[in-house]
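Participant: All letters in the sequence shown, in the order written, are residues 1 to 372 by the numbering used here.
Note that these hints are calculated values from the structure, not bench results.
Treat each hint with caution, since some may be false.
Have a look at the derived ranges for each label pair, beta carbon to beta carbon [what the hints assert, rightly or not]:
(1) 133 - 51: 21 to 31 angstroms
(2) 314 - 13: 46 to 56 angstroms
(3) 235 - 346: 57 to 67 angstroms
(4) 6 - 116: 29 to 39 angstroms
(5) 295 - 75: 38 to 48 angstroms
(6) 29 - 238: 24 to 34 angstroms
(7) 244 - 26: 26 to 36 angstroms
(8) 51 - 30: 33 to 43 angstroms
Lysine-lysine pairs mimicking DSSO-like chemistry, simulated, CA-CA at most 27 angstroms apart [to be verified]:
(9) 314 - 285
(10) 66 - 135
(11) 139 - 66
Just so it is clear, CB atoms sit at the ideal spot from N, CA and C, and this is done for glycine as well.
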Amino acid sequence: LLDHFTRDLNFFDSVFEETDFKFITDLQPDRHFKDIKILPVKELVFYGISEKEAPLGSGGEHLDAKDFHNMLSQDKESTVVIDVRNHYEAAIGRFDGQEHATKGSATKGAEYIDPLMRKSTDFPAWLAEPGTQEKLKDKKVLMYCTGGVRCERASAYLNQKLGSEVKGIYQLQGGIERYLKQYPDGGYWRGKNFVFDKREAICADNPNGDGGVVQQKKKKLSGEKSELNAKCCVCSQKWERYVGKKKCDTCGVPVLMCEPCMSRHKKRKSADEMLVRCPLCVKEKITVVADAVEYTNNGVSGRLKDTEFEDGGKAASSVLKWGGGHATKKKEKRKMKRKLCQFGAECVRKDCFFLHPERNDKKGMKTKSSKA
Numbered sequence: 001l002l003d004h005f006t007r008d009l010n011f012f013d014s015v016f017e018e019t020d021f022k023f024i025t026d027l028q029p030d031r032h033f034k035d036i037k038i039l040p041v042k043e044l045v046f047y048g049i050s051e052k053e054a055p056l057g058s059g060g061e062h063l064d065a066k067d068f069h070n071m072l073s074q075d076k077e078s079t080v081v082i083d084v085r086n087h088y089e090a091a092i093g094r095f096d097g098q099e100h101a102t103k104g105s106a107t108k109g110a111e112y113i114d115p116l117m118r119k120s121t122d123f124p125a126w127l128a129e130p131g132t133q134e135k136l137k138d139k140k141v142l143m144y145c146t147g148g149v150r151c152e153r154a155s156a157y158l159n160q161k162l163g164s165e166v167k168g169i170y171q172l173q174g175g176i177e178r179y180l181k182q183y184p185d186g187g188y189w190r191g192k193n194f195v196f197d198k199r200e201a202i203c204a205d206n207p208n209g210d211g212g213v214v215q216q217k218k219k220k221l222s223g224e225k226s227e228l229n230a231k232c233c234v235c236s237q238k239w240e241r242y243v244g245k246k247k248c249d250t251c252g253v254p255v256l257m258c259e260p261c262m263s264r265h266k267k268r269k270s271a272d273e274m275l276v277r278c279p280l281c282v283k284e285k286i287t288v289v290a291d292a293v294e295y296t297n298n299g300v301s302g303r304l305k306d307t308e309f310e311d312g313g314k315a316a317s318s319v320l321k322w323g324g325g326h327a328t329k330k331k332e333k334r335k336m337k338r339k340l341c342q343f344g345a346e347c348v349r350k351d352c353f354f355l356h357p358e359r360n361d362k363k364g365m366k367t368k369s370s371k372a
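Whenever a hint applies, use it, and build me the whole structure from the sequences.
Facilitator: Encoded structure:
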């Protein structure tokens with residue numbers, strides 16, 4: 001059905017002729033999406049930058065999996081590869097296998113760079129740092145992300161800011177997913193690819209991922225024999241799964257927490273009793289809880305809500321609040337819609353949040369009469 005739909009889009013508008021549609025049709029039933037939604041949005045990934053700063057079509061050169069693989073093998077002195085994803089995604093998988101010299105090779109591949117971002121709006125600030133610009137100067141710059149979308153904006157922004165100072169900007173067409181299909185042994189990829197759906201995290205020989213409700217018989221996976229330092233944020237034991245919807249108390253990003261620690265975390269009496277922090281917050285010595293920080297500059301930065309922590313704590317420069325704050329309001333609105341308005345038919349507010357059965361009945365009658 002989706003295949004036919006995307007083909008019909010080509011006839012609908014010529015702009016879709018160059019669209020790179022990706023389908024994954026051979027997954028277990030419990031990994032499937034139950035429906036499809038098409039929504040108009042101003043920006044697929046919010047970077048906090050204007051269209052002039054990252055014009056559409058001015059991004060890096062698109063490389064297929066084979067060409068990208070060959071570029072990764074180039075000398076680290078001339079080539080770098082930037083992980084455009086968030087740090088919590090890079091913690092369980094990344095393109096750094098090329099940095100480990102192969103047998104008989106005296107040189108290492110492209111240098112892996114993790115911008116250590118909590119969210120995409122951190123990218124412009126990272127790129128503006130003198131240390132970053134010095135590291136990229138006179139280098140071939142490779143970029144990659146999960147499916148290729150984030151690279152479109154990030155590479156265009158990089159091209160606008162440093163295009164004349166680097167020796168080319170390249171991005172992986174189709175992202176990590178397509179690369180892993182091309183290289184069943186994982187190629188230069190190490191670990192797992194974090195995805196935002198029911199699969200949870202995938203690797204080359206486990207396309208169904210770790211998620212879902214039906215668990216298959218455990219088998220030896222290439223993604224598990226990697227030597228990545230992914231570990232539980234509480235006990236530091238090796239752990240590579242984001243489960244239980246656990247988040248960093250001080251910046252809000254997902255954290256790795258093993259099952260025993262999750263059990264203890266549920267029993268804590270207060271947030272102070274078992275403060276959960278991501279690796280970035282530990283490294284930066286962040287102590288102010290995320291709830292004490294409010295968004296400013298359209299969500300790009302934040303500030304303390306009160307002065308309670310100003311003298312004795314440090315807040316994260318970037319705080320991730322799921323849904324950008326609007327999700328909570330929508331949830332409350334839906335909740336109100338299930339409660340009857342106490343004023344009933346006498347309520348004069350056309351935008352009343354509460355339930356008005358008499359208004360819904362009138363709408364239903366209008367719809368029926370219009371159809372008739």
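Participant: Please go over all the hints and tell whether each is borne out by the structure.
Facilitator: Hints, verified against the model:
As the Cβ distance of residue 133 to residue 51 is approximately 23 angstroms, the hint placing it in 21 to 31 angstroms holds. Separated by about 50 angstroms at the C-beta atoms, residue 314 and residue 13 satisfy the suggested range of 46 to 56 angstroms. At roughly 59 angstroms, the beta-carbon separation of residue 235 and residue 346 lies within the given 57 to 67 angstroms, and the hint holds. For the hinted restraint 29 to 39 angstroms between residue 6 and residue 116, the CB-CB distance of approximately 36 angstroms keeps it satisfied.
The hint said 38 to 48 angstroms for the Cβ distance between residue 295 and residue 75, and at roughly 43 angstroms that hint holds. The given range of 24 to 34 angstroms is respected by residue 29 and residue 238, whose C-beta atoms sit roughly 31 angstroms from each other. Hint check: residue 244 to residue 26, Cβ distance near 28 angstroms, so the stated range 26 to 36 angstroms holds. Between residue 51 and residue 30, the C-beta spacing of about 40 angstroms keeps the proposed range 33 to 43 angstroms intact.
Taken as a hint, the residue 314 and residue 285 pair is honoured in the structure, with Cα atoms around 7 angstroms apart against an allowance of 27 angstroms. Annotation: proposed proximity of residue 66 to residue 135 holds, straight-line Cα distance about 25 angstroms (limit 27 angstroms). Between residue 139 and residue 66, the direct Cα distance comes to roughly 20 angstroms. Compliance with the 27 angstroms bound is thereby established for this hinted pair.
The structure is consistent with each of the numbered hints, conforming to all of them.
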